[in-house]
Amino acid sequence: MLGFLKEPVVVTAEINVNLVALSVMGLISRLWGLCYPRAVVFDEVYYGQFVSLYMKRIFFVDDSGPPFGHMLLALGGYLGGFDGNFLWNRIGAEYSMNVPVWSLRLLPALAGALCVPLAYQILVELHFSHCAALGAALLILLENSLITQSRFMLLESILIFFILLAVLSYLKFYNLQKHSAFSGSWWFWLLLTGVACSCAVGVKYMGLFTYMLLLATAGLHFWHMIGDQNLSNISLLCHFLARGLALIIIPMGLYLSFFYVHLALLYRSGPHDQIMTSAFQASLEGGLARITQGQPLEVAYGSQITLRNVLGKPVQCWLHSHTNTYPIRYENGRGSSHQQQVTCYPFKDVNNWWIVKDPGMQQLVVSNPPRPVRHGHIVQLVHGITTRYLNTHDVAAPLSPHSQEVSCYIDYNISMPAQNLWRVEIVNRESDTDVWKTILSEVRFVHVNTSAVLKLSGASLPEWGYRQLEVVGEKLSKGYHQSMVWNVEEHRYGKSQEQKEREVELHSPTQMDISKNLSFMAKFTELQWKILTLKNEDTEHKYSSSALDWITMDTNIAYWLHPTSGAQIHLLGNVATWASANAAALVYLCLSLWYLLRRRRKIYDIPEDAWQLWTSAGGVCAGGWAVNYLPFFLMEKTLFLYHYLPAVTFQILLIPVVLQHLGDHLCRSVLLKSMLSALTVAWLSSVYFVYCTFSPLSYGQPALSPTELRALRWKDTWNILIRKQ
Amino acid sequence: MGSYYINRTFFFDVHPPLGKMLIGLAGYLSGYDGTFPFQKPGDRYEQHNYIGMRGFCAFLGSCLVPFAYLTVLELSKSLPAALLTAFILIFDTGCITLSQYILLDPILMFFLMGAVLSMVKCNSCADRPFSASWWFWLSLTGVSLAGAMGVKFVGLFVVLLVGLNTIYDLWDLLGNLSLSLVMFGKHLLARVLCLIVLPLALYTAMFAVHFAVLNRSGPGDGFFSSAFQSQLIGNNLHNVSIPEHLAYGSVVTMKNLRMAGGYLHSHWHLYPEGIGARQQQVTAYLHKDLNNLWVIKKHDSDTADLSDPSSPVEFVRHGDIIRLEHKETSRNLHSHQHEAPLTRKHFQVTGYGINGTGDSNDFWRIEVVGRKTGKLIKVLRSQVRLTHVATGCILGSSGKTLPKWGWEQVEVTCTPYSKETPNSLWNFEDHINPKLPNISLDVLKPSFAEILLESHMVMIRGNSGLKPKDNEVTSKPWHWPINYQGLRFSGVNETDYRVYLLGNPVIWWLNLVTIGLYLLITVCTAVALKRGVQLTSELKELSRVVLRAGGQITLGWLLHYLPFFMMGRVLYFHHYFPAMLFSSMLTGITWDALLKFCAVFLSPSTTARKIYGGGFLALVLLILYRRERTKRGEIREKTINDRLRDQQCF
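So the protein lines, in turn, are chains A and B.
Counting in the numbering used here, the first sequence tops out at residue 837, every number present.
Counting in the numbering used here, the second sequence tops out at residue 651, every number present.
Derived by calculation from the structure, the hints in this document are not laboratory data.
Some clues are possibly wrong.
What the hints assert, rightly or not - Residues on chain B that point at chain A, a partial pick, calculated with CB under 10 Å:
id: 1; residue: Pro130
id: 2; residue: Trp172
id: 3; residue: Leu175
id: 4; residue: Leu182
id: 5; residue: Gly186
id: 6; residue: Lys405
id: 7; residue: Ala527
id: 8; residue: Val528
id: 9; residue: Lys531
id: 10; residue: Arg532
id: 11; residue: Gly533
id: 12; residue: Met567
Unchecked claim - Below, computed lysine to any residue pairings styled on SDA-like, alpha-carbon distance capped at 20 Å:
id: 13; chain 1: B; residue 1: Lys531; chain 2: A; residue 2: Gln341
id: 14; chain 1: B; residue 1: Lys477; chain 2: A; residue 2: Leu644
id: 15; chain 1: B; residue 1: Lys122; chain 2: B; residue 2: His188
id: 16; chain 1: A; residue 1: Lys749; chain 2: A; residue 2: Ala659
id: 17; chain 1: A; residue 1: Lys290; chain 2: A; residue 2: Ile346
id: 18; chain 1: A; residue 1: Lys460; chain 2: A; residue 2: Phe392
id: 19; chain 1: B; residue 1: Lys477; chain 2: A; residue 2: Met747
id: 20; chain 1: A; residue 1: Lys654; chain 2: B; residue 2: Leu343
Unchecked claim - Computed Cβ-Cβ distance ranges for the label pairs, DEER-style:
id: 21; chain 1: B; residue 1: Trp172; chain 2: A; residue 2: Ala695; range: 25 to 33 Å
id: 22; chain 1: A; residue 1: Phe352; chain 2: B; residue 2: Ser179; range: 33 to 41 Å
id: 23; chain 1: A; residue 1: Gln386; chain 2: B; residue 2: Arg279; range: 31 to 39 Å
id: 24; chain 1: B; residue 1: Ile483; chain 2: A; residue 2: Glu638; range: 21 to 29 Å
id: 25; chain 1: B; residue 1: Val193; chain 2: A; residue 2: Ser563; range: 53 to 61 Å
id: 26; chain 1: B; residue 1: Ile483; chain 2: A; residue 2: Phe300; range: 40 to 48 Å
The C-beta atom is built at its ideal place from N, Cα and C for all residues, glycine as well.
Assemble the whole structure, with the sequences as input and the hints as a guide.
Next comes the structure, spelled out in structure tokens:
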């Protein structure tokens, strides 16, 4: 019972001095002078505004990626006590005193520093020597581009950290697989793989590439397990379920939780509101919610409503009419009906109000009890101020001649009858008897006579239409498109039958109180969809580059320039490392192909275990490089050099792999081996030399003179800024 | 499109020429005279003779059925499977509609299926390599590949399929140690010859014919470079002679190098209020016009001494600083740091100054791409960049159309980004200088390879230029396999004469279900094999069919479907039809295998055969039954075309 008394309590601590030393060096290299420059550097101007919005709890949408990375940056700001009051408008602007620069930059820098020991561990787990692992870690340590990228408030270093963590934990898990499956540490590393993957995806969608690679690797390994006859079917199933849980279910859950936290944190309305649907906007504090609070939910006959187009492009707008009519003849000579214009107007206006009328009755007020409008009902829409009926007929629309003109009907007594019946179709209905609901229901208005659908064409009318947006009746409405869908935004039950009273009513704000809350999943799907589909228009950038430029590092990015001196920061890789990484990739490919062809003819150049090592290392390093690099050739968005950094990290890991393989298997004589080690040492020192040479451009200090800067311009395509004297 | 071949006028299309040439040939042979305008769908043919062309396409379309039948028969060695596939293709409304009109798709699908069939045939000849039939099928594969590539670029996917299959094949041969390396070399060489060299040669020959037939100037001229245009009879660049090197005092026109880029143009009209400085507009104009003429001047000296006939001619050299004066209005090409009218990040380009006297913002440095300082500048052939001296920006055309005030011409800007794009490159086209000797343009005749390369570049750019507009209902790839919505081919609203491309729902949904089913079967079979389950020889054969033959077909389906998800261009429903062919073949193979599996597992004797036969009959009846119902339904919707009704009779 008291067994522990009989034996002394022993705590054995094993410290890998290499690892500790590397971590310390990594920390020094990334954290040194972190506050300098105390000015906005490159994309900090972009991410900074989101940090500010987090601090102020204001909702935003960023189409560049999921919110986890932004949240981590904001965490730094939160810990540093940042109040969010800084105007992120210009690169190079001095930070005011309330901005905790150090803590904002701390997390990316830490992540960057930890990449060094991670690289070491990955090589060890791949069963390479500690020498090779040390080499890999040193190369990462001395890589100028990684240093630059991790010293500022940017996301790439965090992304690389999570990617490497995921790879490392998968390798650890795989190595434990053989002798201690389902042990505690086995579970730990398996779960950590899933967590790290979802974090990587949560920081940037680029993380998906590595996630896919790991999934494929796990699938392959599992496939080999299926062939293992020693495993029973039950244990195989357990293995399968464990992997499915850790590598698919948990990442998905975590990914959702990022959005949950994101939405929980940001509850105030803000500048990006109008991208979202009315329902979403209404769930935010302030903004639309202030208006819609207290509206009746169900639209009834006699309801006064404003109708917003769901598409929200080119701008959000509401169905609108005013007393002006369409010109009798357009500039190109075509004729119109000369009836009252119907447009889509991007601003709130009393002319946006419409009244839902039952075609069978005269009254424009809501009866008691209200009679709700349901899917499939036929209604007339009466413009509130002018009391004219929404109408469409077989007259070509002003700007889209293949569609019908939509007007508010004026009877000119010219045998052109009113065609003002519309069928309400609720697009997102659950059943065919659904009631038309404020904000929540998305409806199409189908014209009864011509079955044209009320649609926003997206074109803006000329002078006579006050540059408002054109609304047409689309006859060929085969598919679903958001431009044909409308929702009720503001809504109240009309009470006044007289026109004068009604006008007063229309001008008055809405009252009463019902709150509408969207479920989290609805919010998540909408936000996720917006993030994926939102496109930025202007894509040209001075420092943008193509994927092909990256291998040879033909471009750089100027991050910051001192306002007076020549001190500047550039994203610029270590030339020696990049060149040798390319060489290593090439050697790896050629050697693999050679071995593969020879093995096919049953000629084995290297022992089987060495071949296993070679392929598994290649799968991780070369595979990681390929999946993080090649997809960019298919992308059409603006690309920058920093998109290549995850790929180059994997490529760098390949260098020691290839070197050790050369030393172990191809250099047969002792002389060759010692020559190789000598060469390696020489090459490592050249890497160090290049690092030292370019460190002024990575750290931004000391300031260099124009001649020194000119000397650093090793390639003509580099854009190093030289101040004119 | 066939009309153009018959009239021999040059045109431009985003697809390679073979399909249109074949249609043209069919039309020519059947007596079509090439006069019908083919302007918009729905126009009546009236007295024009179009039956030949339609008949040709329909014939190729109907060849798909025997091709699919033979392919499946070869792959699965099972008659019912082959019959089922053929059945599906015969009774699919989509396939019928598509192959009845003058379209490229039946031709494309013909070559595509031809390639697949000959590839499969060649694989089954593998046991006696280098025999006559082996050579025949191998080279036929090559020919079909060239045909598929020559009709549409979608043919690339089938090339990929055959390529992957060949690599797999060679890999197999390499692992066969009884085969000497010399033999392996022979195999490799034969495939290189038949599958790479032969198709390439045919493909090039096709273009040679294309260019040889189309030797007259036509509507497609403007898409091509000046050198290309000089080849066409009737174009004003054909057989003209102009001075070769650019000199000061020359009157020139400058053409933008981007596709369908216009000529540098200016006119008396000013930029309207509020859009940059109120100076004279400079635009890019696609047509030939007197306002496209510019005079090249030195930046520091005036016109007078240059017009003097006795003064020596001075050539413009790479790196010189020049001034461009607009001939009609005598204003200088000018730029300054106001934002451009449409592209806000660029600078505005204007015409400035009176009678050639401007300011230092009129100076441009002229540079030839890839040349050293001091070299002369060649008309037509030099690619020229004009750099604004004061701001360092580069003259370019943004490709955006100006609004009404700019007469809907194309915007010209000065871009501060020094990136090499055809937008910012120009060449000199017309060149008038009385003091210089004229040389014939034939000297500048581009080689065939250059023409080939250029027409490909133009086609590729044209393809990527087909972007969907905002607010336009477009077809999405995921709509296709579920037969979500059809494509309206033709028809006027009032009449019930309409052609609507829509698949037979039963067939399409059956195909869709089958893909899922196939995946399930494959996974089960593969896992069972990997676990080392002992199988009877019959089952072994069956699983081989599922894995090998089904795998090939699935690969084909994936290759013809997945790439569309990554395409940015406008997509249409008919893009799915090649993939649909593969999907139908997969259906045949999968159901055959599935029913056989069921039969084997349930009972060993006669009932097995009954189950097998009954299952097949049920499938076939289902398809037939639904087909009748669908057609009636379509008539009710007035979307069926009159031809389909004729078909009901047989």
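Results of checking the hints against the structure:
no. : hint                               : in the structure
1   : Pro130                             : violated (19 Å)
2   : Trp172                             : holds (7 Å)
3   : Leu175                             : holds (5 Å)
4   : Leu182                             : holds (8 Å)
5   : Gly186                             : violated (13 Å)
6   : Lys405                             : holds (9 Å)
7   : Ala527                             : holds (9 Å)
8   : Val528                             : holds (6 Å)
9   : Lys531                             : holds (5 Å)
10  : Arg532                             : holds (6 Å)
11  : Gly533                             : holds (6 Å)
12  : Met567                             : holds (6 Å)
13  : B:Lys531 with A:Gln341             : holds (9 Å)
14  : B:Lys477 with A:Leu644             : holds (16 Å)
15  : B:Lys122 with B:His188             : holds (17 Å)
16  : A:Lys749 with A:Ala659             : holds (11 Å)
17  : A:Lys290 with A:Ile346             : holds (17 Å)
18  : A:Lys460 with A:Phe392             : holds (18 Å)
19  : B:Lys477 with A:Met747             : holds (18 Å)
20  : A:Lys654 with B:Leu343             : holds (18 Å)
21  : B:Trp172 with A:Ala695: 25 to 33 Å : holds (28 Å)
22  : A:Phe352 with B:Ser179: 33 to 41 Å : holds (40 Å)
23  : A:Gln386 with B:Arg279: 31 to 39 Å : holds (35 Å)
24  : B:Ile483 with A:Glu638: 21 to 29 Å : holds (24 Å)
25  : B:Val193 with A:Ser563: 53 to 61 Å : holds (59 Å)
26  : B:Ile483 with A:Phe300: 40 to 48 Å : holds (43 Å)
The structure shown violates the earlier hints numbered 1 and 5.
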